[in-house]
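Colleague: Chain by chain, the residues run as shown.
2 protein chains.
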Amino acid sequence: MGPIGIFDSGIGGLTVARAASDLLPNESILYFGDTAHLPYGEKSPELIRKYSTRIALHLLNSGCKAIVVACNSASSNALEQVREAVGENIPVIDMVHPVVESLYVSDAVPSLGCKKVGLIGTRATISSELYKRAIESLNNAANGTVELFSRATPLLASAIEEGFYNDTIPGQVLEAYLEDGYFNEVDSIILGCTHYPLVSEEVKDLLPKSVAVINSPKIVALALKKVLSERGLLLGKSSQLETSNKFQVSDLTENFRLGAERFFGGNISLDEVDLTL
Amino acid sequence: MGPIGIFDSGIGGLTVARAASDLLPNESILYFGDTAHLPYGEKSPELIRKYSTRIALHLLNSGCKAIVVACNSASSNALEQVREAVGENIPVIDMVHPVVESLYVSDAVPSLGCKKVGLIGTRATISSELYKRAIESLNNAANGTVELFSRATPLLASAIEEGFYNDTIPGQVLEAYLEDGYFNEVDSIILGCTHYPLVSEEVKDLLPKSVAVINSPKIVALALKKVLSERGLLLGKSSQLETSNKFQVSDLTENFRLGAERFFGGNISLDEVDLTL
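Going down the list, the sequences are from chains A and B.
Per our numbering, the first sequence starts with residue 43, numbered consecutively.
Per our numbering, the second sequence starts with residue 43, numbered consecutively.
Just so you know, these hints were derived from the structure itself, not from any lab.
Take the hints with a grain of salt, since some may be wrong.
Distance ranges between label pairs, derived from CB positions [claimed, not checked]:
{"id": "1", "chain 1": "B", "residue 1": "Lys174", "chain 2": "A", "residue 2": "Glu227", "range": "48 to 58 Å"}
{"id": "2", "chain 1": "A", "residue 1": "Gly213", "chain 2": "B", "residue 2": "Ala184", "range": "45 to 55 Å"}
{"id": "3", "chain 1": "B", "residue 1": "Glu126", "chain 2": "A", "residue 2": "Ser271", "range": "55 to 65 Å"}
{"id": "4", "chain 1": "A", "residue 1": "Ser179", "chain 2": "B", "residue 2": "Leu317", "range": "32 to 42 Å"}
{"id": "5", "chain 1": "A", "residue 1": "Gly205", "chain 2": "B", "residue 2": "Asn309", "range": "31 to 41 Å"}
{"id": "6", "chain 1": "B", "residue 1": "Asp222", "chain 2": "A", "residue 2": "Gly213", "range": "51 to 61 Å"}
{"id": "7", "chain 1": "A", "residue 1": "Glu171", "chain 2": "B", "residue 2": "Asn208", "range": "26 to 36 Å"}
{"id": "8", "chain 1": "B", "residue 1": "Pro87", "chain 2": "A", "residue 2": "Leu317", "range": "11 to 21 Å"}
{"id": "9", "chain 1": "A", "residue 1": "Asp229", "chain 2": "B", "residue 2": "Pro250", "range": "47 to 57 Å"}
The C-beta atom is built at its ideal place from N, Cα and C for all residues, glycine as well.
With the hints as constraints, model all of the structure from the sequences given.
Modeller: Below you can see the structure in the form of structure tokens.
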């Protein structure tokens, strides 16, 4: 009954760690941010797979009972390799499938009924077309009619990581990517990068008021809870006296230290762990 | 009499490769862009040193007769380690010292006479304070009165790498970093990142017309020529029938392929080389 392992290329995945921690307050979390190699969003699928499996094995060796791939670029390009690396006994939750499934099956989140769905993400996420394939597959299985409008907005994550939120820059960057009106008809939008929740207001401002922003971290936390429960891995209220969250990064700088607290929304202490040794 | 080795964290150093190629058309170039690990600008000094010395040794083992550290973050944090790794026989030219020296000694570039000098660069470059120390040292040695105004503008390199030039975004990003008027009194500005020459017009537009933009790639190419000449390593017109430029990256994506041609200003073919093997 070890901790829940959560990893990202950097500190964006802390938005998912936050949602998991809120939903599952009895669980402990071991977070790993691969700050030595971020951003993944511009890297090749092969390299993303190499980094992701290395981290997943580190989390496995640290005793994690489940792994959340809290990075859309890694979820989109390395999910199969991560599952293979850690074996069937360890549930692996990604960022893509729970969100896509929420468009077809209501799970305490109001994504059901969204039909023309916009998606923004890194170049690696959009190029992989995993969201597209997952939607096509569920459209077929459930006679669905969800239509996806996806666009890579690569500079946005860097802008957020640099502290440009509550600021005009993210809006201007997004506007530059969307000025052709590609999203004019969507009814909802998936923030397909774990950094983006920090600029959800700026995203809303750029789109008609009726467009719903789909809350990926919360949906993924719910999927995590469900799978832990199904496998009998969920801790009850009395089963653990004290939770112990740990946060590791592969390269520790002052900027990441400050950023981590913004993303997680609270004081955390970061340790540096070099996986290449 | 091998090629000139030039490296950067990514493709920005191609602005230096371009200047070197223009000034020394008889020389061959071996360029290495560490796209698997870019950007260096946010990484710790230790990690920048590890990556930089690995690349320098690769260039040495590939027969390079001189090495240009065409990355300000690496020049500012890893110069000593690179010099130590390749040994005294291989001249190592960095981005910082030739530019600072040009403020004191005219070398066919009009930096001499600049007294209040602005500097923009990555967080790793500015934090290292190498520009500051180099200026203080030459102020002392030459009774100089150069004053440095430096500021980190970390998002700017990512914006350029993402293709946001000839666009409003770089100006807006820069404006956000400089809106306190910190550069109001400078007479010149050093673009302390090899990506920045692509937005020199946007930098000019933000500053008074009298502010001179110091041309770092050209200055570094001149310093390279000087040291090759001093050491008898410069090829004459007739010494090589055909130059052969090679361009290597540690992670090859279509985006880097396109970006490389923009930065170098011409068709080039990129090869992927994994130095971690």
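Colleague: Could you tell me which of the hints above the structure violates, numbers in ascending order?
Modeller: Result: hint 6 breaks, nothing else.
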